[in-house]
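Protein chains: 2
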Amino acid sequence: MLPSGLRVVTERMPGSHTFNLGFFAAVGSRWETERLHGASHFLEHVLFKGTKRRTPEQISAEIEAVGGELNAYTAKEHTCFYARVLARDADLAIDVLADMITSSTLRSAEIESERAVILDEIAMHADDPGEVAHELIAGELLAGSGLGKPVIGSPDSIRALRRDQILGYWRRRYTPERLVVSASGRVDHDRLVARLAEYESLTAPREPSGSRSLSLSKSKPESPNAGDPLVITKARRFEQSTVVLARPGPGLFDPDRFPIGLLSIIVGGGMASRLFVEVRERRGLTYGIEAGETSYSDAGLWSVDWQCAPDRVPEILILVRQCLADIAEHGVTPDELARAKGQMRGQTVLSFEGPQSRMSRIGVAELLGDTRSVSDLLADYDAVTGEDVRRIASDLLGRRQVLAVVGPTPGLRALRRALA
Amino acid sequence: MLPSGLRVVTERMPGSHTFNLGFFAAVGSRWETERLHGASHFLEHVLFKGTKRRTPEQISAEIEAVGGELNAYTAKEHTCFYARVLARDADLAIDVLADMITSSTLRSAEIESERAVILDEIAMHADDPGEVAHELIAGELLAGSGLGKPVIGSPDSIRALRRDQILGYWRRRYTPERLVVSASGRVDHDRLVARLAEYESLTAPREPSGSRSLSLSKSKPESPNAGDPLVITKARRFEQSTVVLARPGPGLFDPDRFPIGLLSIIVGGGMASRLFVEVRERRGLTYGIEAGETSYSDAGLWSVDWQCAPDRVPEILILVRQCLADIAEHGVTPDELARAKGQMRGQTVLSFEGPQSRMSRIGVAELLGDTRSVSDLLADYDAVTGEDVRRIASDLLGRRQVLAVVGPTPGLRALRRALA
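Sequence lines, in order, name chains A and B. For the first sequence, the positions run 1 to 420 when the UniProt record's numbering is used. For the second sequence, the positions run 1 to 420 when the UniProt record's numbering is used.
Keep in mind the hints are simulated off the structure, nothing from the lab. Please read all numbers here as calculations on a predicted model, not as lab measurements. Do not rely on the hints blindly, as some may be mistaken.
The list makes no distinction among identical chains, and a pair is therefore deemed to hold if it is satisfied within one copy or across any two copies.
To be verified - Using 30 Å as the maximum straight-line C-alpha spacing, the simulated DSSO-like pairs for lysine-lysine come out as follows:
| id | residue 1 | residue 2 |
| --- | --- | --- |
| 1 | Lys52 | Lys234 |
| 2 | Lys341 | Lys52 |
| 3 | Lys49 | Lys234 |
| 4 | Lys234 | Lys341 |
| 5 | Lys341 | Lys49 |
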């Protein structure tokens, strides 16, 4: 960590010829107030639109001229700007990203043109039934913080955001103690730190009064066991219903994350999973069905997703409940558990292999404080017992259900009966 | 090379934990007769559908159980089946792929269900105006071999293909001397060869009468300078016209490939390219415009692509010609050339970095006989002079133009005038 609070993490990879750099900021919808809803993502767009030293075209053209890649994304708990170049162009990548993060001009004309782009993006998202269904679920199960709101904002919030609000948000949130710089591939840690030192606002020592650590405004998920099932429907003119059935799940630091990850694989993690075999192979009710957990730093959810003809939704809901109930009562077989661990191991190692995914992994991990290594994570999955999986299935059964159906919708009564 | 003619190429990469395996077959639309049009791609689908030892579900489930990936694609000159797994699961990946390639059952029921899937795929492709435009171009400029035909086949050819035709095609084309097995990552060459030896049909010595080398049925592109510009239009109900303007270009083994690659970057390879600056930045006629070469083993083409309002097509056509004419007359600047080389170097190295892309690169290279290393390729690009680029622009100007416009179409007369 530098005196400013900026954290720099690197991983040198033998044989790599590339330099993969990311700036990770603790900026995302979870910290947005009502009035600032969508500001994190809006700001991400605008930071590409010119600095004191570079026009918007120069930002892209300088990376392009060396055959590199430059991009960014905004998630609920973090924003990432990243570049990938040959090792010999490392200084250029550092300069372009640091320039964008510290010295953007946020010109009004650029803000207006990006506002139009984002309103188009919102319209596109609204056409994606899976995304709509997941946002409906998040709005219920992660209510109480910005985790329950779409990263992209709403048409109203995007239309209302003024330049001075975006500028203020940038100045308050992109401070050194809320930033992690991550690099991997052919990387020289000391040289990276020396280059970053040229940006005073990144590396100047903090004011003594400044808060050192990232203060998470805790999200306040409702009591997990509260109330009756909630059914949310959104009528759309599609052929198929898109369905997400969810319950509260563990956050990133909850040890339940490990048994629930294996439960997801056993219940709906591919072609050998219980639900795939029962719902698709035996009964032909749907083309596919999947289960999975979504974990944030202090909240999460567990969901089962599928698309099907509207009149098949209740039957599948009953099968999902039976599947969980069977595991809660009888547990899983040793074969199932071993297979789930093998699948998790392969997926995890494969997904973190390349220098770009390593850069991303160590950057997010440092930012959120989840600094376990991949082998630590794998050891935690390996330690899960059949009883752990049985117990988490039983826990889930006792938690509140939220069902979202987008597209043609069967009768509410049939849905409620299937969930009861 | 094994006694059977099977070639095995591997690249061990330090630090890798994965085993990346590909079977590359000299099978694609270029070798299909009229009656077999689409057979390569149809066969690729069917080889996933069960072997003597595995049901279709087992094929996918066995790779999935170790968290791996299994997929395939068919191109005009080759078909590739590939898997990515942890190094400890290498034997499984070898067995699954070799089993599919050598011992599929091609059951009639599976052929019929894949026929329906492919007919759907054809309908989807027909909705993509860029793909339609490029196929119209290929149908003209690469006529005389299957390179001029869509890999996926036509609705008529797919409906007409019988099981015995697909079976015969498989037996004739998936022979050891037409196959390359490629692996990279944490790979043991000798162990791979030993495992492959368990499949007699892959590794048994060839019959003495067998033809050893891959015989390319030469494509016969028309004389490059022949005739007037050809205009092909396809009316579709879109807002924008999709336009591809093409001329004959170099094949993979033609040294013109290097100057034309740099010309593509200078003319239309990103935001600093001449056409992007002129057509989009200065005149705002389109959202983007790109130039690029497509090279097969003995034929190729060079094209400029964009989408625009229909009434803007003629103006952009004139700008494209002026751009080439200006380079043919005045050449390119040293800065432009240096920038193009830097961009090419970065793109090339970045695109071949990961173990999976290395596996793919060495497999295709061995299959087509294009075994230059990445550093050899980069040296060839570096050796290109400004005069080389000027000369290739001048050559292109003298070659026959084919224009495809899909979507709303301006008057043919205006198009012909703009091309003259």
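Output the numbers, in ascending order, of every earlier hint that fails for this structure.
-> 1, 3 and 4
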